[in-house]
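Undergrad: Each chain is listed here by its residues.
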Amino acid sequence: MRILLVILLYWAQGSASADTFELSPFCPPALRLDDAGRCTLHSQYQAYGSLYDKGVGGLKTGLPPVRDGFTPQQIDLGRLLFFDPLLSRDGSVACSSCHDPALGFSDGRARSVGVQGTPVQRSAPSLWNVAFLERLLWDGSKQTLEEQLQGPLYAPNEMGGDPQTLLTTLQDNANYRHLFATAFDDQPLALNQVYTALAAFESSLISLNSRYDLYAHGVHSALTANEKEGLNVFRSFVARCAECHTPPLFTNQQIAVLGVPEAEGRPLDPGAAATTGDASQRGGFRVPSLRNIALTAPYMHAGNFASLRETAAFYTGGRGHAVPEGEELNLHWHIWDPQLSDRELDRLVDFLMTLTDQAFLPEIPLALPSGLPPARGPGVATGGSHALNIHTAPTAQQKALP
Amino acid sequence: MTLSKTALFNLTTTLLLLAGQAFAAVHDVREGDSIQAAVEAAQPGDTILVHPGIYRETVYVDKDDITLRGVVVEGEWPNLEGDKQLNDAILYSGNGFTVEWFKITHYKGNAIMGQAGNNFSIRNNWIVDTGVYGIFPEFGENGLIENNVLSGIEDAAIYVGMCDYIDVRNNRVFENVAGIEIENSRHALVEGNIAHDNTGGILVFITPGLPIKTSYDAIVRRNTVINNNTPNFAIPGSLVSTIPAGTGIIVNSGDDVVIEDNIITGNNTAGIIVTSQDFATGVAGDPASDPNPDRVQILDNVMFNNGGDPATEVKALMLTQFSTTGPDILAYKGAAEAERESCVSRKSAYRTYGLEEWGDCTSPTVRAADAVGSAPALAGTTRDVTTKMLPEPATPRVITVDANGAKLVYQGICAGCHTYNIRMIGPPVMAIKAQYGDDATAIAQYIAAPEKKRPDFPTMPPQDHLSEDMRLEVAKYMLGLNK
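Protein chains in written order, with the numbering used here: chain A, 305 to 706; chain B, 2 to 484.
Honestly, the hints are just simulated from the structure, not real lab data.
A portion of the hints provided could be inaccurate.
Label-pair distances were calculated between CB atoms; the ranges are [as the list claims (entries may be wrong)]: (1) B:Lys85 x A:Gly622: 17 to 25 Å; (2) B:Thr388 x A:Asp582: 53 to 61 Å; (3) A:His524 x B:Lys484: 30 to 38 Å; (4) B:Ala25 x A:Gln425: 24 to 32 Å.
Rough simulated footprint, nothing fancy, chain B against chain A, three-plus residues with beta-carbon under 8 Å [unchecked claim]: (5) 378-387; (6) 414-421; (7) 455-463; (8) 524-531; (9) 579-585.
Quick partial rundown of chain B residues pointing at chain A, CB under 10 Å, derived from the structure [to be verified]: (10) His107; (11) Gly132; (12) Lys334; (13) Gly360; (14) Lys484.
Glycine residues also receive a C-beta, built at the ideal position from the N, C-alpha and C atoms.
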């Protein structure tokens, strides 16, 4: 028993020490190891159904289909790759540069910045709960995580790499050779394994444990009176937020044309129309999830709304108020003029703040197989681990409120 | 005598059920009281009786099996009044919700809106000018909407959106933009309603861009759909703003719709319009949504005096047939394909447009005897279908208090702070097991109100939001972990 304990504690620290890199044989929280050695999701939401398993509805509604079933080793390898700037052309940028856990897996910028300071077209979305998304990117143009992540890996303005160089760089690294062999049954190291491992890590980022969720599961003291009022504005048919940002994920995953303004001096982003070729989708974007939304300012594809208050106020500015002259957009029918009061906007913000939950924040590696320091987002202090101190249950004080 | 385990279990369940019923309480609410306060106090199974008076509030019901019942006394109704200030009168997400005998007036959004509540009943309500919709269940399964009277709604008075297994019966809807709308829903029976003086009477629609893409299997039967000629007063940009005034029944891309035994008269544009999505313009495309109405059956319907003063678009179509009046039945193809496998009975009895490719439904001549009493199944009619609701309630959505539920709760909550072997926010399960052995009860007690134990750990947040039984199950589950 004592020996077992020692071994297990060694495992636990394995990936954190620089000289020996071992992959964790344990699934991250929210996932559980099944008999086949795969990590599968377990959430209270799985006790509920949803119409056609679409994962849209109200409070007690099941989730959309999830991407899970990776091995613990694949997930842990993905975690190291995610933070490793070795994957970029010049060793300066990793996924975590633009999707930093300390910034809600976003980067706090209006538009992201890639290798050598080159700007990216849009703002970086959070990666929490990407495991549930059937369309990725603001314009919804990618279907799988594996397909999507090749975009930033090889885009000249993001990580700037190319497949051949990436493969040789990893093959030349003894640590990675060992880790890939562990995660992929001693198969020769291949790019598909890189994609699988990154996708495995991304799909372990589960956030379904906010105070809102407690309320949804029936703990009505979890929200304050103001927050409940905000929930009712959010789901009312006046504001109509829940019609598009539908629980439990707070997205219905559809393309909607809102007529969101671009940053000063930037041309209209054609959104979905550019990739589908359907002109009626001009200015259309996939409805984003609002989970952990308080952590990922600035907002919208253009990143030009600084606060949640400003973002909520967009919806009450009047139908099409920000559409540039000469543009005829097929604005969504739920975009109208709800005339929300200042009080209602404040309550909406109160409610959106209840969607924060980082209880399952992954550990940030202290050291990487490449020997490079883990890449962090703008303004985030380097160094491993993280400040995990999220109390998801309501505090005594919150409970005392009516 | 020994009881088998199952028998014992059944006995216990029965006792529990009985106990549950015995405790079902009635809460009285009188003018000056808050209905919401009664909802907060209510337990599943309870009934809230609301006595006559004016109530200015938004009532939201996020619990299962609550009945909100108005008490009408000598013509005095309990009246939820929104003063055009409040958004919605009643919002519910709980299952098994019943709301009846309320007068609801002057809200901005909805009178009654459901989000994913199954097994609902919305009956005998009197709803006037409550904004966008009157009654709007969304994402619900197995529901009844009957005997409600609704007027003055700027979109659909009764709007069944993304639902399954719904009966809409015996309602009266008038002076709304749309009377009854079945949208992206399946298995609906719309029967015995009176829809008059709306812009459009009864609608069966597929709207593109919604997460649930289909509308099929609807029976529209024995309704009275007359004089729906009110000018369209919908908010510009809304979907129903394109409905031409003078429309009796409109099927927009819905499939497997049967229109049978209705009285459809005096609708100035057309009695029945069957159309593809081309009809509604200005909506962004959705490749996952089929724009064509397929397998529409128009059986025996009494139709006359329709099309007296058709809307401009329809007038233009009719002029190609050298007519200035609108038809009883109009099939509008637009750019889309023909309405596949659709049919009409006794086509020659009606004035029609665009039905060249429609077949004959060959419904039998219904003898008077068949129409009386409990009509037997009659081939070619829907007479044997008495309801589209489910024979048993839709599956409840509950986290069961057993090992299964405990696993979900443990993974969903506890696993964020406790892992098997690593110190996270809380101590590893291995250490807890060493400490507690198999004393699950002690853990269940501790987690309800944790006190500080270790100097180098924060205090654990209380888990008293879990019921005592669930805490015990979770504790057992924790102690049973071995990896």
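Undergrad: Does the hinted range 17 to 25 Å hold for lysine 85 (chain B) and glycine 622 (chain A) at CB?
TA: At roughly 19 Å between Cβ atoms, glycine 622 (chain A) and lysine 85 (chain B) fall inside 17 to 25 Å, so the hint holds.
Undergrad: Taking 10 Å as the limit, does the beta-carbon of lysine 484 (chain B) come near enough to a beta-carbon in chain A?
TA: Result: holds, 6 Å to nearest chain A Cβ.
Undergrad: Taking a Cβ-Cβ distance under 8 Å as contact, does the segment 378-387 of chain A have three or more residues in contact with chain B?
TA: violated (count 0)
Undergrad: Indicate whether the distance between the beta carbons of histidine 524 (chain A) and lysine 484 (chain B) respects the range 30 to 38 Å.
TA: holds (35 Å)
Undergrad: Next item in the hint list is histidine 107 (chain B). Is there a CB on chain A closer than 10 Å to its CB?
TA: violated (13 Å)
Undergrad: Can you tell me whether the CB distance of threonine 388 (chain B) to aspartate 582 (chain A) sits inside 53 to 61 Å?
TA: Once the Cβ atoms are compared, 40 Å apart, the range 53 to 61 Å for aspartate 582 (chain A) and threonine 388 (chain B) is violated.
Undergrad: Against chain B, does the segment 579-585 of chain A show at least 3 residues with beta-carbon separation below 8 Å?
TA: holds (count 4)
Undergrad: When I compare C-beta atoms, does the segment 455-463 of chain A have three or more residues closer than 8 Å to chain B?
TA: violated (count 0)
Undergrad: Classify the hint on lysine 334 (chain B) as holds or violated, based on whether any CB of chain A lies nearer than 10 Å to its CB.
TA: violated (20 Å)
Undergrad: Taking beta carbons only, do three or more residues of the segment 524-531 of chain A come closer than 8 Å to chain B?
TA: holds (count 3)
Undergrad: Hint validation: glycine 132 (chain B) versus chain A, beta carbon distance must be below 10 Å. Holds or violated?
TA: Since the shortest Cβ distance to chain A is 7 Å, the answer is holds.
Undergrad: Taking the beta carbons of alanine 25 (chain B) and glutamine 425 (chain A), is their distance inside 24 to 32 Å?
TA: Violated - the Cβ-Cβ distance for alanine 25 (chain B) and glutamine 425 (chain A), about 59 Å, lies outside 24 to 32 Å.
Taken one by one, the earlier hints fail for this structure at numbers 2, 4, 5, 6, 7, 10, 12, 13, listed in ascending order.
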